[in-house]
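*Asks:* The chain contents come next:
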Amino acid sequence: MKKVLFDGPVEPQFIADCIAKHAAKKDIGAHSIFLGQVRADTLEGKQVRAIEYTAYDEMAEKQFRSIREAAFGLFGLSCLHVVHSVGMVPAGELSLFVFASSPHRRACVSAAHYVVEQIKEKVPVFGRELLEDGTFAWKKNN
Amino acid sequence: MKKEDLTAIVLSGGRSSRMGRDKGLMPLGASTLAGRALKTASQVAGAVMLIANKGGYEDFGYPVYADLYPQNGPAGGIHSGLVHSTTEQNLVLACDMPLLSVPLLKHLSEQVNGDHEITAPVHLGEVQPLCAFYVRHLVQFLEEFIRSGKRRLNDLLRERKTRYVPIDSSLPFYAPGLFTNVNTTVDLAAVESTDAAKVKVLFFGRLAEITRRRELELQLQVPGTLDRLTDVLAGRFPALKNEVFTVAINQAIAATGASLREGDEVALLPPYAGG
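From first to last, the protein sequence lines stand for chains A and B. Residue 15 in the numbering used here sits at position 15 of the first sequence, and the numbers go up by one each step. Residue 327 in the numbering used here sits at position 185 of the second sequence, and the numbers go up by one each step.
Worth flagging that the hints you see were computed from the coordinates, not collected in a lab. Among the clues, some could well be false.
Which residues of chain A face chain B? A few of them, derived with a C-beta cut under 8 Å, are [unchecked claim]:
hint : residue
1    : 21
2    : 54
3    : 58
4    : 125
5    : 135
6    : 139
The structure displayed is predicted, hence computed values, not measured ones. C-beta: ideal position from N, C-alpha, C; glycine also.
Excised from the complex, chain A in its bound form:
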């Protein structure tokens, strides 16, 4: 399986190319795509300019693999692709790409939702928010 962690933001063109590649898979009837974007939150009056992601690489890849296996087991998927950014991702750009495909719509919608929730809960990725004044604040999922 390909590595999930990817250096830098996910480029929109990459997403478009991924969709185009799946035209060849004739058994697919639906795709569900989730995109995580860095939001320009305001923390103590300061705007978030970017998030710098770091990860416990080996364990993160292991967790991604097991989430993928679970998703295939739980839902009737044809395909699943996940890309998560590491490094600096500016506000407004994409840090997570989940692309699930299935013959019928319900499976891929449920699977995409499942995968995103599992990633937030199980994958050791850490984030520092870079604020407009150049300082950093550690981010926590909720």
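For this one, chain A is given, so just place chain B on it according to the hints.
*Replies:* Frame of chain A, contents of chain B only:
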């Protein structure tokens, strides 16, 4: 032999000339040399006593006696121990052999019988009188032995009914270092390093900032547990006590009370921010 029929006499009365400081009180892992010997002894003997000629041994919680005939080396210590013992059989243990194990002592105790006055192990051709069983009635003979100027324990063993028990690799608990003797701080360091499990600790996110490290190698006293490791880390990096984190061992979230082995990779993980 039943535990209640055995007294352990832990000897820590030596001059420790090469160590520079009282050998028995030298730290070993989370304890001291004497502490380790006492802990081992208390697992096989119902009564335990310490023979020491300097202060500092009162806090172990065992009776401490001095040599009645000082400056006579271990023979004086054994004599003093036998005087204070209330049991027939007595296990004499030197505090400077930290790798003596409970299975070894149990094996030796099984070889003790009424035909012999002393039961001592032999390892690689060397007799080990300071990990041996002595009957109490030897106290009289020992007194004469000392007063006649004799001190060498091997002579004592030769003059009495001694059973020699070979200790070799045919025994399930055998380890070549069982009788390792610690005389210098270098010896002690060598024992500590064989006695410890080396683990790699990884810090992430905020924790790496606080400790100013991404990774650290630690020697953890065997048997090592996660709780012990977190205690050691909190001792070294007090700011960690205020932090919330989960722990992974070899890339899987660890259960509380998990034990650690040589070569384990332990990761301290602050709250996730992925997705």
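*Asks:* Hint by hint, say whether it matches the structure.
*Replies:* We went through each hint and held it up to the structure:
no.	hint	in the structure
1	21	24 Å, violated
2	54	7 Å, holds
3	58	6 Å, holds
4	125	3 Å, holds
5	135	13 Å, violated
6	139	4 Å, holds
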